[in-house]
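Engineer: As a plain string of letters, each chain reads:
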Amino acid sequence: MSTQPSRVRWALLLSIGTAAVIFAASCGGEEPAKEVATSAPPPTVTQPAPTTAAAAAPTATQRASTPTQVATAAPSPTAIAAPSPTTAPRKPTGKLRVAAVSEGVGYSMGAAPRSCPGGCEIFKYNQGVSETLLFVDEKSELEARLATAWTISPDLKFIDVKVRSGVPFHRGFGEMTAEDVAFSYNDANPNIVPESVNDQAGEVATALTKVEALDPQTARFHLRQFQVDMLQTLFAPLGQSVGIYSKKAAESVTKETNTNPEKIVHTGPLQYATWNPQEKALLEVAFGKHWRRTPSFAQAEILLVPEASIRVGMLESGQVEIAEALAAKDIKRVRQAGFAVESIAENCMTLMFGGNYWTQRTPDKGDPVVAPGFNPEIPWVGNPKDPSSMERARKVRWALAMTIDRQAIADTLFEGLAKPAYVECVPVDSKDHQSKWVVPFDPGKAKNFLKEAGYPDGFKGLRIISTAELGGALVANWRTTLGVELNVDTTPGGNQVLRARRVKLEVNELSTLSSPDSQDYPLDIPKGKGCTVYHYGGLNYCAALVPEWDQYFFKMNQELDREKRRQLAIEFYDFTIAQMLRSAIYSMPVFRVYDQKKIQDWRLTPVFQWGPDVFNIEYATFKP
Amino acid sequence: MGRFLARRLAFNLIAVIGATIMVFGVSRAAGDPRILIIGDSPWGMTDAQWEELGRKLHLDKPIVVQYSIWLGGVLKGDLGTSARFRRPVAQLIRESLPNTLRLALAAWLFATVVGVSFGVLAAVKRGTVWDLLARGFALLGQAIPFFWLGLIAIYLFSFELGWLPPGGRGEGTAVRHYILPAIIMGWFPAAGYLRLTRSSMLEVLDAEYIKFARAKGVANPRVIWVHAFRNALLVPVTYSALLMVGLATGAIVTETVFSWPGMGRLVAQAAEGNDYPLLVGTTLVFVSMYVTVVLLLDLVYAVIDPRVRHR
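Residue numbers (the numbering used here), protein chains in the order written: chain V, 1 to 624; chain E, 1001 to 1311.
Please note that the accuracy of each hint is not assured.
Listing some non-contacts, in silico: residues in chain V with all C-beta distances to chain E over 10 Å [claimed, not checked]:
| # | residue |
| --- | --- |
| 1 | N276 |
| 2 | R361 |
| 3 | D429 |
Restricting the straight-line Cα-Cα distance to at most 27 Å, the calculated cross-link-like pairs of lysine-lysine (DSS-like) are [as the list claims (entries may be wrong)]:
| # | chain 1 | residue 1 | chain 2 | residue 2 |
| --- | --- | --- | --- | --- |
| 4 | V | K255 | E | K1056 |
| 5 | V | K504 | E | K1056 |
| 6 | V | K564 | V | K436 |
Covered stretches of chain V (chain E as the covering partner; in silico rule of three or more C-beta atoms under 8 Å from a C-beta of chain E) [claimed, not checked]:
| # | region |
| --- | --- |
| 7 | 296-305 |
| 8 | 312-324 |
In short, the hints are calculated from the structure, not lab data. All residues carry an ideal CB built from backbone N, CA and C; glycine is no exception.
The shape of chain V in the complex, shown without the other chains (with noise of 0.2 Å):
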């Protein structure tokens, strides 16, 4: 008798089982989100409540202004305005969908400040789900939020912030007072907490000592080092900032429980409902009626969708109304097809030219500064202790710079949406930008300067670190012109290397970034943060430190006059385009799109640069 019907048999039952086992494991993981029905009472609405209207749009790279002065004698608080209450024009329902990129959800994120990393800080309070003490409004103005007013000391080492009375934290877990203003900032703060990795940009360690709580209402912040731009940095999304964490909620977490949705509690009219960074976090709203703004949708869901392609796809097929970070080829797509397309920041992107480590000592204490990787042998380097060098290298670095056609890369690169970039990042059609800056491109003249460097065949066997297109841009028009043979290194891990390097500055490559100064406008607000001894110990964007450029920032960061500020910015442009130190290739918005069928309008204000697209949006009015 065959035994192949036996054989089959056993073949059919180990497929089947097989099945079977695969079957049930698919069935586990994680349930699927369930519609969250919001329990609060309906809102009740105790003024009219007016449609936000969609103000104009701030200039994209317009920064709140600096205070002009500060009170020298008894000082006396500097009270703002708080925004009314708006609520939107009926009881929340609905579900907002959008497709963000993996920074807005894949991240992690932490239900307490030392374990929430720069941009789950960001996206906590983007998301409308943490709230900082200060806002910056339409008109880039400073609106009250967490907090109702300050006071600036006339030695200028303490700010006291008068918090708003109140203000209910999510999940029942009480009112916030100015101990948990304080907790917020200490936590983050890794002076206090070594292990915190909330302060990314290095900004709360840099200004602050410690905050401490005077009064429940009354936090007093010590301050290690003014600076003019603190308030809108420090206190107001326009820097990293800390969102209010409830003190109560944040010391119960645990390394277990620190991803936990229900244990970020924060003040916003949004809180989690669930969170996956694979895919997606599911915002509610918190309240029935916030003291600030009410969602027109019951939840928000944000959705993890890495390719722009399907972006544009869920957008246009109306699975989402929102799409984050969408290229700039569909740019143009989804405006004809009748999107709204927002301009909501302006990125400038800039040649770094790393390995220029000529300060010797910090300015504030005089330490000695520590450049292992510190080359003058590299072509763009000179070395300051030798005037013929500084010479050589300045001019390489300006026939590196005058062989950039800028114009092209803006056209052809992106679509004809972005600029030509000189100085970072002062916009070319702005009232501030000088033609003194502009960059010619000259290739004739730059093969003179090069002759005159001692390169008069070129050079090679260096790397710049950019992207494809743009670094493959650069290197192609400098081997063609100069005879300048660099090789283009685009690994993200070489973005990380360099990250790592620039801490012992050791980076002597070219490279092109978007450094902190890209948002750095209008022109009072100090420039240079990211390149000076300043953040020497955190990153050095610019892998250079420059005696000038510290001089610069710290100047600009005591003075108090805003002309006088900016006069000083003008001087460092100067300086920085003299040397050519850096040199600005295009600036490119950064763009918001969303369903203007679904969505009303939505409050425009300035955002962080490195933000996410999606921001205020408890502010969005959304028709389900």
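Dock chain E against the given chain V, drawing on the hints supplied.
Structural biologist: Relative to the frame of chain V, chain E by itself:
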């Protein structure tokens, strides 16, 4: 049988250990893991933090000791912490694997049903237009790059026709979200099934007992499905076991194109961000899946065919 089992287990254990040595070695060869932990941080680390982190990661110990510590953690289920997500790798895998298995199951069903039935059709209608169409289907499935196919499918069925969603998993078991990725993922293996089934069926249809059955007057459908098909099924069914695990481990491109929150996309994100702890963890899981399935297959063969045990 006992000796066979012991031998097989030993070989598989060697394979797994070899895999762990390789992934650990590659992760260390790629560079200092501290650089990965800095990741996107613009602040970087101070020298003191750098040294402390090195001690925490046991980088001050010899490489063999580092491997042993790491392996010990793996055996306890600790696959480390993702540098990008800052969450346990094991937890990330637990959340992603079921999504991949669901998609793999859907693709497997498509491949099996379409591939086997087309294979039978092609064999029975050999030399006709049906055979031509079926073989054309197989050729396209094996020739067209499926990432391109996926994008074209999204463009056609989502953008232009609006019939199906362009990506994502949807809520619960939303069937519409499975259709496109399952077809794209399953087309290539369906082509393989088709060819295997067709050649097996052709071989069986020429057998003497089939001719005898026809001569006895057995109805054609019964000849095909009861006599021929059952005997032709052994090879495709064997293929299906390996196919299932292949689909589960090879879904990287499909999951990326369709934004499917599974293991494939997790691996793509890990590779993109140089998240070596996550890459190592996912690789180990894939290797373990393969080794387990192969071991099971060997055991089943040994049971079915005694000659295998004595080789």
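Engineer: Just want to verify: V:N276 was marked as not at the interface with chain E; is every Cβ pair farther apart than 10 Å?
Structural biologist: The claim breaks: V:N276 does not keep its Cβ more than 10 Å from every Cβ of chain E (closest is about 6 Å).
Engineer: Between the region 312-324 of chain V and chain E, see if three or more residues pass the 8 Å beta-carbon test, and mark the coverage as holds or violated.
Structural biologist: Coverage by chain E holds here, the residue count being 5 at a Cβ distance below 8 Å.
Engineer: Please confirm whether V:D429 is truly not at the interface, meaning its C-beta sits more than 10 Å away from all C-beta atoms of chain E.
Structural biologist: Answer for V:D429: holds, closest chain E Cβ roughly 29 Å.
Engineer: Going straight from one Cα to the other, do V:K564 and V:K436 come out at no more than 27 Å?
Structural biologist: Holds, at about 20 Å.
Engineer: Determine whether the non-interface label on V:R361 survives the test: each CB of chain E must be over 10 Å from its CB.
Structural biologist: holds (18 Å)
Engineer: Next pair to validate is V:K255 with E:K1056; report whether the Cα-Cα distance is within 27 Å.
Structural biologist: This hinted pair holds, its Cα atoms lying about 17 Å apart.
Engineer: Sort out whether E:K1056 lies within 27 Å of V:K504, counting only the CA atoms.
Structural biologist: holds (20 Å)
Engineer: Are there three or more residues in the region 296-305 of chain V whose C-beta lies closer than 8 Å to some C-beta of chain E?
Structural biologist: holds (count 3)
Hint compliance for this structure: hint 1 alone is broken.
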